[in-house]
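Participant: I would like the entire structure built from these sequences, with the hints used as guidance.
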Amino acid sequence: MKRRWWWLALCLAALPAWAKEYPVRAQVEGTLTLYSTLDTAVFEPLVVDFQRVHPGIGVRYENLDATPQYERFVREEKAGIHRADLLISTSMDLQVKLVNDGYAARHVSQSANALPAWARWRDEAFGFTFEPAVMVFNREAMKGRPVPQSRAELIDQIRRDPAFWRGRIGTYDISKSSVGYLLASQDVRHSSEFGALVEAFGDIDLQVEEHTATLLERIEAGELVAGYNLLGSYARARPGSERNFLLVYPRDHTLVVSRTVVVSKHAPNPELAHRFLDYLLSVRGQQVMAARCGLPPIRKELDGVYERLGVNESQIGVLRPISLGPGLLVYLDQEKRRQMFEVWRAILGGKR
Amino acid sequence: MSERVRSLKARLVGTMALLFLAGTVVMYLAARAYGLRAADLSYDRLLAGSALSIAETLSMDGARVRVDIPYAALDMLSAAPEDKVFYRVYGPGAKTVTGYEDLPLVPAPRPRGEEPSEVPAPRFFDAAYRGDMVRFVVLGRQIAQPGMRGWVWVQVGQTRLAREELAGELVLGALLPIALLTLLSLALAWFGVGRALRPLESISADLAGREPADLHPLRVPVPAEVRPMVHAMNGFMRRLEGNMAGLRAFIGDAAHQIRTPLAGLRAQVQLALDEDDPRETRRELLKIERNAARLTRLVNQMLSDAMVMHRAEARHFEAFDLVDVIKRAMREAVPMSGDVPVGFISSVMRAPMRGDAVLLGEAIKNLVDNAIRHGSPDSLGPEAEVEVALHAAGDGYELTVSDRGPGIARGDRARVFERFERGDTGAPGAGLGMAIVARVAASHGGSVALEDRDGGGLVVRLTLKGMQ
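Chain order of the listed sequences is B and H. All residue numbers in the first sequence are consecutive under the numbering used here, ending with 352. All residue numbers in the second sequence are consecutive under the numbering used here, ending with 1468.
Just so you know, these hints were derived from the structure itself, not from any lab. Each residue gets a CB set at the ideal place from its N, CA and C atoms; glycine is no exception. It is possible that part of the hints are untrue.
To be verified - Which chain H residues stay away from chain B? Per the calculated CB distances, all over 12 angstroms, these:
| # | residue |
| --- | --- |
| 1 | Gly-1093 |
| 2 | Val-1106 |
| 3 | Ser-1185 |
| 4 | Leu-1240 |
| 5 | Glu-1289 |
| 6 | Asp-1324 |
| 7 | Leu-1390 |
| 8 | Asp-1412 |
Claimed, not checked - Computed list of chain B residues with no C-beta within reach of chain H, every gap over 12 angstroms:
| # | residue |
| --- | --- |
| 9 | Val-24 |
| 10 | Val-42 |
| 11 | Pro-45 |
| 12 | Asp-65 |
| 13 | Pro-146 |
| 14 | Val-147 |
| 15 | Gln-149 |
| 16 | Pro-162 |
| 17 | Lys-300 |
Claimed, not checked - Listed next, the in silico DSS-like pairs over lysine-lysine satisfying Cα-Cα at most 27 angstroms (straight line):
| # | chain 1 | residue 1 | chain 2 | residue 2 |
| --- | --- | --- | --- | --- |
| 18 | B | Lys-176 | B | Lys-20 |
| 19 | B | Lys-78 | B | Lys-97 |
| 20 | H | Lys-1095 | B | Lys-97 |
| 21 | B | Lys-20 | B | Lys-78 |
| 22 | B | Lys-336 | H | Lys-1095 |
| 23 | B | Lys-78 | H | Lys-1095 |
| 24 | B | Lys-300 | B | Lys-78 |
| 25 | B | Lys-78 | B | Lys-176 |
| 26 | B | Lys-300 | B | Lys-176 |
Facilitator: Structural data, given as structure tokens:
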């Protein structure tokens, strides 16, 4: 106990740049520690509303990238330092691995049971958003051109006019972005055209970035014409998104990622952690998240799938949610990753 | 009735419940073993399939082992949706190619790294890993490459949640009908026993509604199982009725037999009182004394007769030695004999038999008494002797009592066994002695016969069964 407080004191003293404190305004029940891949600003409304419901609970929010977050958490757990209460990540596969390796606590609640089956695993990992991966086009640059509605159409356009597309398509760097890796691995699994698409990308000098924001900025600036497999929620959250972007849900299939939350098995404040999780999955939490964070909710009670995304059903093909489960472990396999990266590097022509 | 016996219903249903409970426990253990086996068999197939599909992708890239785990390999295991999955590819030797490096090893007999000579079958085992019980499969593939030979192993594990659940379902599926059937059987037994015992209630109603002297047999229709009891009760009532008839007859006889001598006695006493001559008075008194003795004997015999009657019904049989009984009876009877010599001859040292020693003693006493009494007092001497003899005969004994009296005419012999009948001897007696002997012989399954004695006199021959 004494040791834990010592650590906390040390951490508070050396508050890192990515961490933000939401102090308590009423009688103190404790302070939750969240590790999250979501930008602090995006997540903030949820924390504020949570504290409205539970004024006694302080929240310490630490924003990290998915892989560093995973590595840091596992490192801390192995060292016997139990800091994080909850972990939120876009990287569904890493969250599944946490559960599989026994780092997660069981959480059973009515809200959790209301989630679709694919967004739950072992009552330990829960997906709480519904985020399709889309193709984002610069509206201005695409003027007068047919907008590709599927992977096949995109390949076709690249083949017809490689000069137009050269150096102007961007996607995640799968060796750095874990959500990019997750999406690519699911494309490999589901799409027969993905191989041809990657080949086409290789011919036109594919641009890769680690973060969604950088890619979106480059598209906004007209530097890029299109972004492939980006999380649509980020695009729609940006100011002037309607004016700048054209979002296409690939008709052949649209992958859906769900940000996944896990309660640490050795959470310092397990009771508060479960309360926060319950809030996050509750109708109220989901409503706040949809309205103020710009994140599409997963609870079916809120709205129809398409209204949530702000699009017509006719614009969308097959939605293919990535389901939480041991299958995701395959792409975390060291050998599998190495092979994926090898192929990736070969396509990029030794650029990276 | 002092011992409290639980109700038949409770006993039957209790025994059945215990039996069913024991049966259910045995069934549970068997069903659980079977359920676990069945669950393991079906999920082991999946596990082996997963490991095989990984093994299919094994290849060599120079000196490196390459494996490309198919998505389906781990995804097919989500047929058990809640179970964690662990895998590892290693070899040659202990070198991990990919997966969880710290998975539990295959237990003996084959330690890791040992090279089997042929393609081994997948090996399954359970081991604890990261706090869960995990079912593992290990299978090997031989690799042969210039400069590198050996075995590469694929190990895939899955926690046991789904297996336990399936086993539980199988057990429940097997046990639920049995449990329901058990409850149903117990309920049926409970009501069935009530129905089956209804005839007993009609019997008790019949008995309760009877007059005290009503000893007619029960006429209630009863099931086969209760019939022996009703038979026994009817038999008992028949004996009771016989007893009561005997008692009534005895009282009637006694009243009749005692009233007359008593009236005679009283008349004689009256006579004696009216007599002035002391010598006459003394003569009357002597007469009175003789009659009183006769009356005493009559009463004794009647009581003896009653006792014999009672005991013959009661049949308190036990083992005893007939020789002892004869000797004791003679000791009691002989002192009254005066000068008549009484002898006892026995061809056996001991004569064990079963019966009522008191009854036999009484019969023998009566025989000896009769023999002494009827042997004529004026023919004393060696010819007048009374002889008791015991011989083994077949599987039983023959007891003879012989005297030198006048004997009994052949035509009269049957009559002497009836009560209150005397031989025409004029000797004192109530006429009960031979009736008593006949009754005792009958109650012991024996017989009694009268014969002439060589050289004059009577032989009473009593035949008795032995020990068997």
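Participant: Are B:Lys-78 and B:Lys-176 close enough, with their CA atoms no more than 27 angstroms apart?
Facilitator: holds (24 angstroms)
Participant: Within 27 angstroms, alpha carbon to alpha carbon, are B:Lys-300 and B:Lys-176?
Facilitator: Outside the cut-off at roughly 33 angstroms; violated.
Participant: Does B:Gln-149 clear chain H by more than 12 angstroms, comparing its Cβ with all Cβ atoms of that chain?
Facilitator: Nearest chain H Cβ is 27 angstroms from B:Gln-149, so the label holds.
Participant: Beyond 12 angstroms from chain B, beta-carbon-wise, is H:Ser-1185?
Facilitator: holds (40 angstroms)
Participant: Check whether the Cα positions of B:Lys-20 and B:Lys-78 lie no farther apart than 27 angstroms.
Facilitator: holds (25 angstroms)
Participant: Verify this label for me: H:Leu-1240 is non-interface relative to chain B, using a Cβ-Cβ cutoff of 12 angstroms.
Facilitator: holds (78 angstroms)
Participant: Far enough from chain B: is every CB of that chain over 12 angstroms from the CB of H:Gly-1093?
Facilitator: holds (17 angstroms)
Participant: Minimum C-beta separation from B:Pro-45 to chain H exceeding 12 angstroms: can you confirm that?
Facilitator: holds (34 angstroms)
Participant: Is the claim that H:Asp-1324 lies outside the interface with chain B correct, judged by CB distances over 12 angstroms?
Facilitator: Non-interface label stands for H:Asp-1324: nearest chain B Cβ at 92 angstroms, farther than 12 angstroms.
Participant: May I ask you to check that B:Val-24 keeps its beta-carbon over 12 angstroms from the closest beta-carbon of chain H?
Facilitator: Nearest chain H Cβ is 34 angstroms from B:Val-24, so the label holds.
Participant: Say whether it holds or is violated: H:Leu-1390 keeps its Cβ farther than 12 angstroms from all Cβ of chain B.
Facilitator: The assertion about H:Leu-1390 holds, with a minimum of 99 angstroms to chain B.
Participant: Would you say H:Glu-1289 is clear of chain B, with no C-beta pair closer than or equal to 12 angstroms?
Facilitator: Answer for H:Glu-1289: holds, closest chain B Cβ roughly 115 angstroms.
Hint check: violations occur at hints 24, 26; the rest are consistent with the structure.
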